[in-house]
Every structure is written in C-alpha cells, then in structure tokens.
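With the hints as your guide, set chain B onto chain A.
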Amino acid sequence: MTAHDPRSAPVVSDSDFVRFRDFFYRKTGIMFADNKRYFVDKRLQERMLVSGQTLFRDYFNTIRFQASGQELQTLVNLMTVNETYFYREEYQFRCLVQSILPEVTRRKRPGEAVRIWSVPCSTGEEPYSIAFQLLDTWPEVDRYDIEIVASDIDTTVLDQAKRGLYGDRAVQHVPKPTLERYTRRVRGAYEVIPDIRDSIAFARVNLSDPLSTRQFRNFDVVFCRNLLIYFDDASRRDAAQTIYEALKPGGFVCLGHSESMSRISSLFELRKFTDAIVYQKPLSAEA
Amino acid sequence: MALIRKHPGAPAPAAAEDPLVALEGATAAERREAAHRLAGDPSAVGPLADRLDREADRSVREAILLALGRIGTAEAADSLFALLGSEDVWLRNAAIETLAEMDAAVIGALDGALSDPDSDRRIFAVNVLVSLRHPAAADYARRALAEDAHVNVVAAAIDVLAEIGTPEMIPEIEAAAERFPDAPFLRFAARAARRRIA
Chain A
1 MTAHDPRSAP VVSDSDFVRF RDFFYRKTGI MFADNKRYFV DKRLQERMLV SGQTLFRDYF
61 NTIRFQASGQ ELQTLVNLMT VNETYFYREE YQFRCLVQSI LPEVTRRKRP GEAVRIWSVP
121 CSTGEEPYSI AFQLLDTWPE VDRYDIEIVA SDIDTTVLDQ AKRGLYGDRA VQHVPKPTLE
181 RYTRRVRGAY EVIPDIRDSI AFARVNLSDP LSTRQFRNFD VVFCRNLLIY FDDASRRDAA
241 QTIYEALKPG GFVCLGHSES MSRISSLFEL RKFTDAIVYQ KPLSAEA
Chain B
1 MALIRKHPGA PAPAAAEDPL VALEGATAAE RREAAHRLAG DPSAVGPLAD RLDREADRSV
61 REAILLALGR IGTAEAADSL FALLGSEDVW LRNAAIETLA EMDAAVIGAL DGALSDPDSD
121 RRIFAVNVLV SLRHPAAADY ARRALAEDAH VNVVAAAIDV LAEIGTPEMI PEIEAAAERF
181 PDAPFLRFAA RAARRRIA
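Note that the protein sequences, when read in sequence, are chains A and B. Per this note's numbering, the first sequence starts with residue 1, numbered consecutively. Per this note's numbering, the second sequence starts with residue 1, numbered consecutively.
These aren't lab readings, by the way, just hints derived from the structure by calculation. Please read all numbers here as calculations on a predicted model, not as lab measurements. Some hints could be false.
[To be verified] Below are the DSS-like pairs computed for lysine-lysine, each with C-alpha atoms no more than 25 Å apart in a straight line:
1. K162(A) x K6(B)
2. K108(A) x K248(A)
3. K108(A) x K6(B)
4. K176(A) x K36(A)
5. K6(B) x K248(A)
Chain A on its own, in the form it takes in the complex (with noise of 0.2 Å):
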C-alpha cells in the first residue's frame, strides 16, 4: 500500500459513494443514480481538498455531525444545479392551465381574484413565465382578475426582476411569437413589457419564518419550486407551515421536480394530475 498523496484527487470508494448516496437521499430527497458518479465524486473531492481532509470518512463526520450544517449546505449547494430560466419545468405551467385553475376557478366568481405567488422568485424568470403562459393559453384569462405576487430574501435578485432584462439563454425556451408580443429588445437583452412588469407585485419574505409572511394570505396557487432542497428538515417544516397558511383552502402547491411535500408535512394532499403531481390544502381545512 502507498501513502496517499494529499496533493492528488481524495479517493471515494465504490462504498463510500454508496454511502453518501444514501445520506444524502435522506438529507434532502435527492438521488443520484450510479450514472451519476462522475459529478457526485468530482464534488466531494472537491470539497473534500478545500476543507483539507483527505479521507472520506473524515469528511463524511463532519458533514454528518457539524454542529452549524455549513459544510452540508455548501455540498447541497454544489450538488444542485440553480439555474433558473423562462419557463423552467413548464410541464407545471401547462398543468396550471390545464387542470389547476379550472378547478380553482369553479370555486369563484367571474371576476374574482385569482392569487399566485412565486416564492422564491430569484431573478423574475417564473412570475414572468406564469404571466405569459396565462396570457398566452389560459382561455378565461379576462374572466378574472389576476394578481401574481413575487417574492425572495434576496433583494438584489428582487431588483433585477422588478428590471425585468434578460439575455439570451434565459429566454431560449420562449416561443418566439410569445417572446415578440411580451417582450422588447434593448440593448442587445430582452426587456418584459412595462404592462406584464408593472402587473406583478415584488416583495421580500423569507419563507422560512411563519411570523414573518402573515401578510401573504388566500393565494389560489403557490410555485415553490427548488427552494425547499436547499433547506434543512426544521426549516422545510416552518416552509410548509408557512405555504399552509398562504393558501386558501383547496389552494395549490407546485414543488420542484425532485422534491416532494409527503417527505415535510402531511398537512398537503397529492394530486396527479395529467401534466404533473402537485399538493393541495385540503378544502376542509379552516382557511
């Protein structure tokens, strides 16, 4: 056997990867398949040498047991792609036409508010994407009056979406007539419509303290999407409170594809529906 050579890649094993799979499916809900081993390894070594433990069950410990978490965060934050575009899983966009707000909207009446909130909203991309796919294929989109809110902690990302700019490969997935009609060229970027910009309404919460979003109450929907992998298990719980005491009764919740509401809280029923699973308040519970 050679000493390891603490200059070269930190060895994980076929057990090790094993290992770390398992834990970190129970940390967050998130599983790598053996074709993932190349970017999982190649995050852990990397981690593994900027914290300057050469042995995994070292670093494994410290992931496993360090009193602040960070180290943990740091690895979710690698191990998870946060890259966010117009119309990001738009399967969810189209299952909130298709089959949400028709069931939302039976419950109103003609004019009615609908209330969406996008949480965490980041750069803007997703209120915008609900907006222009309402515009665009909702039918009853002028029966009601619509009020999407957007919200995140970070108001520097709050800023950039209320400018509404965006470069190319945020709008790539974009229909074109869709991009022309809510959207204008300047300065080689693509600016939202003053109309669509000016429609939404931009806020900081953060989703992570119940007290601190009594204001945000009866939305019909809530698009939560990514956010929740980020947390730890405490924090995902005071998530769920807080999104729980967002809706209406019968309201919606849409969750990012890889996370699920059955793992925080049982307070949301699963509903399949034909685009995508999504969870709901119970019409039953008190508002």
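Just chain B now, with coordinates in the frame of chain A:
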C-alpha cells in the same frame, strides 16, 4: 390585460396579546400562530405539550411540534420523548422526526429514554440516533448494543451503527449479536453492518 398588481396581501391582522391565551383559541389558525410565536420561549414547553396532548387539528399539531423543536431545550426533548409511547402512529413518528433535528438537546434526554422500561420506547429512542447530528450519537447506540437486554433494541442499535458507525465498532457489533444466540437475524444484521462500515 387581466393581470393586476395589488399589495402582496392585506395588512397582517393584529396578533392576540398573549400567545398562551391564543393557544387555546377557537380557530386552528389562531392556535397555529400562537405556536409559531411561542417557538422562541423555553417557558412555553409545558403549555405547548399540554395543548398537543388535546389538539385534534393536524396543522396545529405540526405547528406545536415545530415550536418544541425550535425551543430545543432538554425539557422540550423530554416532552417529545414522552410521545414515543403514544398509540397515535402519526404523533409518534412526528416526535421522532422532531427529536432527530434537535441534536444537542436530545443528548441530554437520551439517558432517560434509553432506560425506559418499555422496550418499544427504547427502540424509538434508538431510531432517533440515526439522524442526530451529534458526535455522541454513536456512543449511545453502542451503549444500547452492550447493555440492553431486549433483542429488538439491540437490532435497532446495529441498524443505527450500520449508518453512523466506524470500523472500530465492528467487534462490538459482532459481540452484541453473540449475546443473543437464538436470534440468527442479529448475526445477519451484524454482517450487513460490517459490509457497510468496514
């Protein structure tokens, strides 16, 4: 265009003066909010645990469990360990999940939980260890391994060490399996643990 901008929501309704009073309020929303407000108050463990015992609404129960977890004292952990004997499976599992997130506070309450005369409660207490972010978690599992007289508690401890144990613990795991010669499944569990942590 049907899109309209409104303020994110109506102004927040005024909170009741005293959350301990609101905890007994008529609506679930009142009681949930009271639980959220009491989440930072260690002196509220008693009233929260008492309300949890009588509370029928699932959403309020979740809020109270969260509050007890957030308070995070040994007293809060004790109140959760007391739920491990509940006939209500949901409540028992929710208590285990909450305890698993409380880390250091749980350590203070584990001595009592692992000495409980009810073996089922000891098994649930051992199950908390697997998710505990504390370096002493494995030591508590080792204690159950070496001392507990009930085969299922020892089996639970072996399962825990298969997850959080280190190679040095393999002899202890194998010795524990030998303590119960009539329980071949323990030797199987010990072999599985060895494969995982060797």
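Results of checking the hints against the structure:
1. K162(A) x K6(B): holds, 15 Å
2. K108(A) x K248(A): Answer holds: K108(A) to K248(A) is near 12 Å, not above 25 Å.
3. K108(A) x K6(B): holds, 18 Å
4. K176(A) x K36(A): The given pair, whose Cα atoms are some 34 Å apart, is violated under the 25 Å limit.
5. K6(B) x K248(A): holds, 17 Å
The structure does not agree with numbered hint 4 stated previously, though it agrees with all others.
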